[in-house]
Amino acid sequence: MTFELSDRVQAVPPSGIRRFFEIAEERDEVISLGVGEPDFATPWAARDAAITSLEQGKTSYTANRGKRELRESIADYVADRFELGYDPDEEIIVTAGASEAVDLAFRAFVDPGDTVAIAQPSYISYEPGVIFAGGEVLPVPTTKDDEFRLTVEGLEQAGAADADVLVLCYPNNPTGAIMPAEDLEPIADFAREHDLMVFSDEIYAELTYDGEHTSIASFEGMRERTIVFNGFSKAHAMTGLRLGYALGPADAIGAMNKIHQYTMLSAPTTAQYAALEALDSCANDVQEMVDQYDRRRQFVLSRFREIGMDVFEAKGAFYCFPEVPDGFTAEEFAEAVLREQGVAVVPGDVFGDVGEGHLRVSYATGLGDLRQALDRIEAFVDEHV
Amino acid sequence: MSEREVLELLRENARYSTADIARMTDLEESEVEATIEELEAAGVVRGYQAVVDWDKLEDERVRAEVELNVTLDRETGYDDIAERLARFPQVKALRLISGDYDFDMEVEGDSIREVSQFISEKVAPVPEITQTVTHYVMTSYKENGIELGDGEGDDRLSFSP
Numbered sequence: 001m002t003f004e005l006s007d008r009v010q011a012v013p014p015s016g017i018r019r020f021f022e023i024a025e026e027r028d029e030v031i032s033l034g035v036g037e038p039d040f041a042t043p044w045a046a047r048d049a050a051i052t053s054l055e056q057g058k059t060s061y062t063a064n065r066g067k068r069e070l071r072e073s074i075a076d077y078v079a080d081r082f083e084l085g086y087d088p089d090e091e092i093i094v095t096a097g098a099s100e101a102v103d104l105a106f107r108a109f110v111d112p113g114d115t116v117a118i119a120q121p122s123y124i125s126y127e128p129g130v131i132f133a134g135g136e137v138l139p140v141p142t143t144k145d146d147e148f149r150l151t152v153e154g155l156e157q158a159g160a161a162d163a164d165v166l167v168l169c170y171p172n173n174p175t176g177a178i179m180p181a182e183d184l185e186p187i188a189d190f191a192r193e194h195d196l197m198v199f200s201d202e203i204y205a206e207l208t209y210d211g212e213h214t215s216i217a218s219f220e221g222m223r224e225r226t227i228v229f230n231g232f233s234k235a236h237a238m239t240g241l242r243l244g245y246a247l248g249p250a251d252a253i254g255a256m257n258k259i260h261q262y263t264m265l266s267a268p269t270t271a272q273y274a275a276l277e278a279l280d281s282c283a284n285d286v287q288e289m290v291d292q293y294d295r296r297r298q299f300v301l302s303r304f305r306e307i308g309m310d311v312f313e314a315k316g317a318f319y320c321f322p323e324v325p326d327g328f329t330a331e332e333f334a335e336a337v338l339r340e341q342g343v344a345v346v347p348g349d350v351f352g353d354v355g356e357g358h359l360r361v362s363y364a365t366g367l368g369d370l371r372q373a374l375d376r377i378e379a380f381v382d383e384h385v
Numbered sequence: 001m002s003e004r005e006v007l008e009l010l011r012e013n014a015r016y017s018t019a020d021i022a023r024m025t026d027l028e029e030s031e032v033e034a035t036i037e038e039l040e041a042a043g044v045v046r047g048y049q050a051v052v053d054w055d056k057l058e059d060e061r062v063r064a065e066v067e068l069n070v071t072l073d074r075e076t077g078y079d080d081i082a083e084r085l086a087r088f089p090q091v092k093a094l095r096l097i098s099g100d101y102d103f104d105m106e107v108e109g110d111s112i113r114e115v116s117q118f119i120s121e122k123v124a125p126v127p128e129i130t131q132t133v134t135h136y137v138m139t140s141y142k143e144n145g146i147e148l149g150d151g152e153g154d155d156r157l158s159f160s161p
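Line by line, the protein sequences are chains X and Y.
Numbering-wise, the first sequence is residues 1 to 385 according to UniProt numbering.
Numbering-wise, the second sequence is residues 1 to 161 according to UniProt numbering.
Read the hints as simulated data drawn from the structure, not as lab findings.
Computed from a prediction, not measured in an experiment: that's the story for all the values here.
Watch out, some of these pointers could steer you wrong.
[What the hints assert, rightly or not] Within a straight-line C-alpha distance of at most 20 Å, the following computed SDA-like cross-link-like pairs (lysine to any residue) qualify:
(1) Y:K142 with X:G366
(2) Y:K142 with X:A45
(3) Y:K142 with X:W44
(4) Y:K142 with X:F40
(5) Y:K142 with X:A41
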């Protein structure tokens, strides 16, 4: 027999970066600026806590929502860092990466036919997540002229007033844009006025280089309509440990937990011990990594300007989003620079049509490689532009 | 603040060009040059050296960590003894430390015999030195904040979301 794929799975095209991956595999000496994960290892104290938990045989399931001690620790952390108050018993769920939390939210709150407005360019998993849940995606474009920040005008023009859910991701993957408090406030007003649920992915919150991160859930009247996603992958360099969490009102988190308990059961136990230690004692490690990213950010932005490629001043995450020179589409440029110079970058249209003409360049790579990669891009531009 | 940043970057890699440091710190290149010149002139930056993994070379160097105990008298202080010892080119590092002994001395030579002779003939006879304990370095795993040996490289996917 042949397997007949569900309509929902068929509706999701293959990932736009798969072909690039195959080209990169064929070549030696590729410097990859296409990665969305830290090049640092998890801070040693967190790794050590994970090892100790294994030595002690702590290998069983935890509570579905995650170890209570970890939920308490998360509650303290988000209160301290982002002025968010959540009850560890009912308003926090620990998940296998923030990605699982996002998926749970789509499945818990999106019905077939519901509209999910997504600020674009955006992380590539939101759109498939909405489709898997049976919903319909409403792209809300942001532009370089607005520093890739979401505006009320943008929401209105896209028709987001009629949407059911609004998805935000700031600091943003792929642009590196942030939304300061003064920019978020009108968005919060819009969400309240039009009765939108807000899914706010704040996985890059610690990687904010200009000012402090503000969560949209911290505005008056927003807590009750917002699910916040966060996790340990980015700031604590724990991608492979798969540990994230969601914060929200008790009913909402309860609904997400209903799906979680039948699918994941509980997040990886070893990772939960690592996360506890990460929150308890790794703030300095996080700060050191953030300082390094900030230096690399300034280096990369400055080099793109020297090369003559327009680049928006990214202020968060570990990506920048330069424009490709005239005469190239994003895909053409990315493919040519990979084939000719062995530098892997991601074409911006992978993150939504509005990303066309841009590249996502990750600086989660050592400075030596960054310098070499930028020199190669410069050689490519000198030859072809 | 910029001084501190420039120093941190030089400690990370003294071969960063002033242009690279300027890009990373958002300073003008001329400011970076001036800062480094000031730091050198003030004696804050004392020199630039390579971090070497001697195990990778055939003619590897012999290194020893030497614990020194001293007794002081009215005329001779720690600084006097240190000044005398630091002049020897074999002494690569010398620190006054707290704890069970007084000085921690790093010595380098071409052979165990050369290092031993240096300690017995040049260091031990110093009148104020009452005891030397020599530890030969067998393998070095980390030097100046840099891990030695072969790393496993970057095994992350070339592309990830």
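Please verify whether K142 of chain Y and F40 of chain X have alpha carbons no more than 20 Å apart.
Within the cut-off at roughly 17 Å; holds.
Is it true that the CA of K142 of chain Y sits at most 20 Å from the CA of G366 of chain X?
Distance of about 19 Å is within 20 Å: holds.
Within a Cα-Cα threshold of 20 Å, do K142 of chain Y and A41 of chain X meet the stated pairing?
holds, 17 Å
For the pair supplied as a hint, K142 of chain Y and A45 of chain X, confirm whether the alpha-carbon distance does not exceed 20 Å.
Roughly 19 Å separates the two Cα atoms, so the pair holds.
Is it true that the CA of K142 of chain Y sits at most 20 Å from the CA of W44 of chain X?
The given pair, whose Cα atoms are some 16 Å apart, holds under the 20 Å limit.
Hint compliance for this structure: no hint is broken.
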